[in-house]
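K.L.:
Quick note on my numbering: the sequence shown kicks off at 1315 and runs consecutively.
Derived from the structure by calculation, the hints contain no laboratory data. Please note: incorrect hints may appear among the correct ones.
Unchecked claim - Here are the simulated lysine-lysine pairs, DSS-like style, with alpha carbons at most 30 Å apart:
1) 1355 / 1434
2) 1434 / 1337
3) 1456 / 1431
4) 1424 / 1355
5) 1456 / 1422
6) 1431 / 1337
7) 1416 / 1456
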Amino acid sequence: MISFSIFLGVFLFMECVTWLTHKYVMHGLMWYFHEDHHQPKYAHPFERNDIFFVIFAIPSIVLFYYGVEGGINYLFFIGLGITAYGFSYFMIHDVLIHQRFKWFKNTKNKYLVGLRKAHKVHHKHLGKEHGECFGMLFVPFKYYKI
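Kindly generate the complete structure, drawing on both the sequences and the hints.
P.N.:
This is the structure we're talking about:
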């Protein structure tokens, strides 16, 4: 039970980490890597912004490595929470919202439509200033109205 609690707590905490990283790092000192993500058309299937997947994967890999050393310990479940959030982020952000893969084009689910609307509002700003809706899983309720 404690293992699941650690996993779930880390998964939920990653939304806070994502919001802060998106607002202050991606739209701050690492804007160079995130800027191409805010352009209306992508020139390539990959973006400089994809470097953030690698950056977030590194702690997970390290935590998995030390989390199985001498038997599975709490570090493993921290790494699992980060990885699960990363997978959710990929499925929501890259697949559902940006349609990098055309898997869920016609969803009518109010929550998923709300996520898309909030992210569209975020992308109306092509520069790094004046952004809003920096999170991924939790967005203001006003976007859930259809």
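K.L.:
Each of the hints needs a verdict: does it hold here or not?
P.N.:
Consistency of the hints with the structure:
no., hint, in the structure
1, 1355 / 1434, "14 Å, holds"
2, 1434 / 1337, "16 Å, holds"
3, 1456 / 1431, "10 Å, holds"
4, 1424 / 1355, "26 Å, holds"
5, 1456 / 1422, "16 Å, holds"
6, 1431 / 1337, "18 Å, holds"
7, 1416 / 1456, "26 Å, holds"
Violation of the numbered hints given earlier is absent; every hint is satisfied by the structure.
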